[in-house]
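With the hints in hand, could you dock these two chains into one complex?
In case you want the letters, here they are:
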Amino acid sequence: MTKMIEIENLSKKYPIRHSTARYGTLRDDMMQFIRHPFAKRTKKEEFWALKDINLTINKGDVVGIIGRNGAGKSTLLKIISGITKPTTGRVKLYGRTSSLLEVGTGFHPELTGRENIFLNGVILGMSRKEVEKKFDEIVAFSGVEKFLDTPVKHYSSGMYVRLAFAVAAHLEPDILIVDEVLAVGDAEFQKKCLGKMDEVAKKEGRTVLFVSHNMGAIEQLCPVSILITSGLCTPISNTRSILDDYIGSRTQNTTEWFDNNRPRDTDVYFNHAMIKHKNCSLNSSVFSTDDEIYVELGYEILRPLANMQIGLRLQRDTTVVFESGDVRLPEEMEKIRHNGRYRSVCTIPSNLLNSGIYSITIFAHIPNVTEITHHENILTFNISIKYPWSGTFTQPGIIRPNLRWQILPELI
Amino acid sequence: MLHNSNKTFTIEPLENRSVFDSIVNLYQYRELLLTLAWRDYKVKYRQTFVGIAWAIFQPLLAMFAFVFIFGRIAGISPQGIPYALYVYSGMVIWQFFSSAISEASMSLRESSQMITKIYFPRIVIPVAKVMTLCIDLFFSLSVLAILMLYYGHIPSVLGIVTIIPTLIVLFVISTSIGSILSAINVKYRDVQYILPYFVQLGLFLSPVIYSGTNLGAYRNLLFLNPATGIIDMFRYSLFGSSFPTVSFAISCMIAIVLWLFGSYYFAKAEGEFSDVI
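Line order of the protein sequences matches chains P and H.
Numbering follows numbering that gives the first Met the number 0, in which position 410 of the first sequence is assigned residue number 409; successive positions increment by one, without gaps.
Numbering follows numbering that gives the first Met the number 0, in which position 140 of the second sequence is assigned residue number 139; successive positions increment by one, without gaps.
Next up, chain H with everything else stripped away, as it sits in the complex (with noise of 0.2 Å):
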C-alpha cells in the first residue's frame, strides 16, 4: 500500500528529501522489513541438509584452515588468547560484514520484479537482507561463547557491555555500504564482478587472522579496512585487550559519514530505480 499513515499522499517530480528519511521509513515500513527479512531467512536454508548450521560452519571452517596454516607455522597467539579463539573471533565480524555487502549489493537487483510492480521504500530491500544475517551472526556468536568457556576466557561484564556498540557500528557500516552499492548496482553491473576481489582482499586487510602489530610500519593500511576498528573493538570486549581508541573511531567516524552519504544517495537515486533496472 501507498501510504497507511497520513491520509493525504502527493507524488511530484521532486522531492525535498532528508537524510533521515530513511530512518522514518523503515520504521513506517517496519513490517514490510521484517516480512522481507524473515523470508529471506526462511529461503536461504531450504532444501540444505544441515540447514541454519551452515551458518556455524562457514566461520568455523575458515577458523580451523587458518588454524591450520598459520597457527603453527608461525606459532603466534596475539595477545595471550589462543590462536584459535583469535581468528574465530575474528572471522565472525569479517564473516558478517563480507556476506552482508556482497548480498545487499545483489539484493535491489534480484527485487527487480517487486521494484517495477509495486511501490514501497526501497531501503527496506537491502536492510532487510543485512538483518536476515543477523540470525546467522547470532547462532555463530553462539558458538564463540561455547569457544570461550572450553578455553576459559570469561569476559568482564564491561566487555559484554560493549559488544552492543560495536555491533551496533558494524550494523551501521554493514548497511549503509550495503545500500549505497546495491544503488549502484542498479546503473552500473559493474559493482558484482569488483566486488568478490575487494571482499577477498579486506580479509587479508583485516586483523582477523593476524594482528596488526605484526605488521609494523604497515599497520595503517588496515585502516582502510572499515571492519579493523570494529574486530578490534570486539575482541577488546571478549578478551580485554587494549582499547583500540584510534581504530575504533576511525570506524565509528566511517559509521557516520557512510550513512550520511548513503542515506543521500540512496533517496536520490531511489526514484529512478524501476525505470532503469
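Looking at chain P on its own, in the form it has when it is part of the complex (with noise of 0.2 Å):
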C-alpha cells in the first residue's frame, strides 16, 4: 500500500480571546509592550482543538470523518490542507491535494457563470488551460448553460450552487479534502453530487477525506471512518462500528428532548419526549433487534380539537420508514381532545426493525388538513446485531420481521 497521507503528533491550539473586541487594536498590543516593557506576553486561555493525531492514510482509501460539531474535523482539514498551521507535529501528503471546504471560494458576485468557472478552477488549482479543456463538461453538469453569461448575483441560490460543484467536481487531485459541502442544494443535486463523489473515490482511485454530518452519506461513500471527541482521534476503522459507537456516545439529549418555551399562538404544545427499552427505567439509545421500543411525547392541549392526532414518524437516514399516530378509527378521530396535558406512548414491537441508526420526528396534526407543530429528528437511536455469536447475523433491508416459516414434506 502506497502511503498518501502521513499525520505525526498533531496538535493545534488556539487561544481563547475573552474580550468583547475580536480584533486587536494596535492600542492594546503597544500599552501592554509601555507597561511591562520585558515581561512575557500575559498568557492567554488556551484551547487545544487537536490532540497528539496520528493517522496514515493509504492511496485509495475513502475516510469519513465522523464527530459532533467542535470536536475538531475542521480544524483538522483545514491543517491537512494547509490553510492554518500546526502548532506541533507534521503532516505529510504525498500527492495533488486539493481541498474542498465550501463550494464557490471566490465566487464573485459580478461576474458572470462563464468567467466564474474560470476564477474558481484557477483558485481551487487547476490550470486555466485544464479549465478550458473541461469546461464543457462542467456546464453541461451544472446545467445553467442558458445563464453563462449573465453575473452570477442574479442567479438564484440554487443555481449558484450547482455551478460551484461543477466546477468543484472536475478537479483532478490525488488527494481531495471534503468538507460537508453536500449539505447544500436540493435533494435532486445533493443525490447527483454523490454519486460523482462516488465516482471520484471507487472508479478513480482517489484518496478522499470526506466530513458530513449526513452520516447516510458517509456510511455509502467511506468503508472506513475515524471518530474525532474532543480533539482527540480513534483509529481508522470500519464505518459502520465506528457509527455505532459515535451513536452509542451521544449524550442523552438524544434519546430525551425537552421544550420548556411554550409558544403563545400554537394549539398544541410538545413539551418532551423520550425513548428507552420497555422493561427498563433508565432512557436509552442503543437497542437490538429483539428489544421492544418505548416511545413517550409529553404535550399539551391549548384549545379543544377534533381530528387531531399525535404521532411520529420513523427514518433511516432520509428513507421514512413509516408514520404513526395516536388515533386512527374514524370514531375515534372525530372526538374531541380537551385543553389539559397528555402522554401518548407508542411502542415498537421487537423484531420488527432492523439494525441501523434511526431518528424520530414528532408532530401534530389534522390528517389531510394541517399541521399544527412538529419537531424533526429530536430523537435518534440505533439497533444492532445482538451477539453475533448467538446465531444472528446481519441482513439487508429496512425491517428484520420474524415471519411464520414452516418446513413441509414434499408433496406427493
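Just so you know, these hints were derived from the structure itself, not from any lab.
There may be inaccurate statements among the hints.
As a list, the in silico SDA-like pairs of lysine to any residue whose alpha-carbon atoms are at most 20 Å apart [said to hold, decoys possible]:
no.	chain 1	residue 1	chain 2	residue 2
1	P	K275	P	C345
2	H	K41	P	C345
3	H	K41	P	L147
4	P	K152	H	W37
5	P	K84	H	L59
6	P	K191	P	E101
Chain H residues, not near chain P, derived (Cβ > 12 Å throughout) [claimed, not checked]:
no.	residue
7	T9
8	I10
9	W53
10	A61
11	I114
12	W258
Ideal Cβ placement from N, Cα and C applies to all residues, glycine included.
Below you can see the structure in the form of C-alpha cells.
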C-alpha cells in the first residue's frame, strides 16, 4: 500500500479571546508593551482543538471523519489543507492535494457564470488550460447553460451552488479533502453530487477525506472512518462500527428531549419526548433487534380540537420507515380532545426494525387538513445485532420481521 | 491546489522561510496571480457608465484642479516644463502609488473568505491588486503621451529607456508597502483608518504639484515620501531635467529595504492569517 497522507503527533492550540473586541487594536498591544516592556506577554487561556493525532492514510482510501460540532474535524481538515499551521507535529502529503471546504470559494457576484468557472477553477488549483478543456463538461454538469453570460448575483441560490459544485467536481487531485459541502442544494442535486463523489472515490481510485453530518452519505461513500471526540481521534476502522460508537456515545439529548418555551400561538405544544427499553427505567439509545422500544410524547392541548392526531415518523437516514399516529379509527378521530396535559405512548414491537440508525420526528396534525406543529429528528437511536455469536447475523433491508416459516414434506 | 510541482509536501509548525520565498511563490502561483488581477480589473469598472475611462479621468481631473488653482497664482513653470504637463506626470505616479498602497492594504481583509477556506501563498492577493492598477497606469500613461505630443515635448531615447527601471522601482515599493500594510491590517484594523490621512499628506510631501527647489531648506522633507525619487526620476526620463541622483538613490534603497523587510514580515505573519482574520 502506498502512503498518501501521514500525520504525526499533530496538535493545534488556539488562544481563547475573552474580550468583546474580536480584533486586537494597536493600542492594546502598545500599552501592554509600555507597561511591561520586559515581561512576557500575559498568558491567554488556551484551547487544544486537536491533541496528538496520528494517522496514516493509504492510496485509494476513502475515509469518513465523524464527530460532533466543535470536536475538531474542521481544524484537522484545515491543517491538512495547509490553511492553518499546526502547533506541533507534521503532516506529509504524497500527491496533488485539493480541498473543498466550501463550494464557490472566490466566486464573484459581479462576474458572469462563464467568468466564475475560470476564476474558481484557478483558485481551486486548476490551470486555465485544464479549465478550458473541461469547460463543456462543467457546464453540462451544472445545468446552467442558459445563464452562462449572466452575472451570478442574478442566479438563484440553487443555480449558484450547482455551478460551484460543478467546478469543484472536475478537479483531479490525488488527495481530495471535502467538508460538508453536500449539505447544500436540493435533494436531487445532492444525489448527483454523491454520485460524483462515489465515482471519484471508487472508479478513479483517489484518496478522499470526507466530513459530513449526513451519516447516510458517510456510510454510503466511506468504507472506513475515524471518530474525533474533543480533539482526540480513534484509529481508522470500519465505518459501521464507528457510527455505532458515535451514536452510542451521544448524550441523553437524543434519548430525551425537552422544550420549555411554550409558544403563545399554538394549539398543541410538545414539552418532552423520550425513548427507552420497554422494561427498563433508564433512557437508552442502543437497542438490539429483539428489544421492544418504548416512545413517550408529552404535550399540552391548548384549544379543544377534533380530528387531531399526535404521531411520530421514524426515519433511517433520509428514508421514512413509517409514520404512525395515536388515534386511527374514524370514531376515535372525531372525538374532541380537550385542553390539558397528556402523554401519548407508543411501543415499537421487537423484531420489526433491522439494525441501523433511526431518528424520530414528532408531530401533531389534522390529517389532510393542517399540520399544527412538528419537531424534526429530535430522538436518535441505534439498533444493533445483539450477539453475533448467538446465531444472529446481519441482513440487508430496513425491516427484519420474524415471519412464520414452515418446513413441510414434499407433496406427492 | 496545495501544490502542483513536487510530489511530497510537508506541513509543519515552523518553516524555515527565506526572503526569496515570496518570489518563488509568486512564480509558482502565477496563474492564480494573473487570474485574481484579471478578476479585480473586470469587477472594478462594472456597472460604471464610462468604465475604464475613470483610469484617465482621475489624474486628469486632479491635474485640472491644480492647474486652475496653482498654475495661475504662482505662475510657476518648473524647469521650463508646462505646468499642466508637470503636474500630470507627477500625478500619474502618485495616483498609482497611493491607490496601490490603499487598495493592497485592504486586500487581505476583503479576501478573508478565501483565506479561511483554501490554501495558496497569501502574498498573491496584495500583489494581484497592484497588478490590476498597472492597467490603469497604462491608460494614464497613454494620455500622458498624447499630452506630451500636444505640448511638443518629445522625450529622448535614453529617457524612454530609463522609464522602465523607474516603473520597476515604483512597483517594488508599492507592492512592498502594500503587502506589509495588508498583513498588519489583518491583525490591527487601525491601518484602514490611519492610511487615508497619510495618503493625503503624502501628496503634499511629494513634488507632484510643486518642485522641490521651491522649498529651499525644507526640501529634504520630501525624502520622507518614498515616491519622491520616483517622480523626480520619471520627470528626468520625460523632460531630461537634471538627473535626480540623491532622491532616486534614496527611493531605490527604500525599495530594497522594504522588499527585504516585507518578505520577511509577510512570511512570518502569513501562517496566522487564517486564525486571526
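Hint check results:
Restraint check: the Cα-Cα separation between P:K275 and P:C345 comes to about 11 Å, which is no more than 20 Å; the hinted pair holds. Taken as a hint, the H:K41 and P:C345 pair is broken in the structure, with Cα atoms around 63 Å apart against an allowance of 20 Å. Among the hinted pairs, H:K41 with P:L147 is consistent with the structure: their alpha-carbon atoms are about 16 Å apart, no more than 20 Å. Of the supplied pair hints, the one linking P:K152 and H:W37 holds, its CA atoms being roughly 19 Å apart against a limit of 20 Å.
About 47 Å separates the Cα atoms of P:K84 and H:L59, which puts this hinted pair outside 20 Å; it is violated. A threshold of 20 Å between alpha carbons decides the hint, and for P:K191 with P:E101 the separation of about 17 Å falls inside it, so the pair holds. Annotated as non-interface, H:T9 brings its C-beta within 12 Å of a C-beta of chain P; the closest such distance is 5 Å. The beta carbon of H:I10 is not kept farther than 12 Å from every beta carbon of chain P, the shortest such distance being approximately 4 Å.
No Cβ of chain P approaches the Cβ of H:W53 within 12 Å, the least distance being about 16 Å, so the stated non-interface status holds. With a least CB separation of 27 Å from chain P, H:A61 remains clear of the 12 Å interface cut-off, as annotated. Remark: the non-interface label on H:I114 conflicts with the geometry, its nearest Cβ contact in chain P lying 8 Å away (cut-off 12 Å). With 12 Å as the threshold on Cβ separation, the claim that H:W258 sits away from chain P holds: the shortest Cβ distance comes to roughly 24 Å.
Checked against the numbered hints given earlier, the structure breaks hints 2, 5, 7, 8, 11 and satisfies all the rest.
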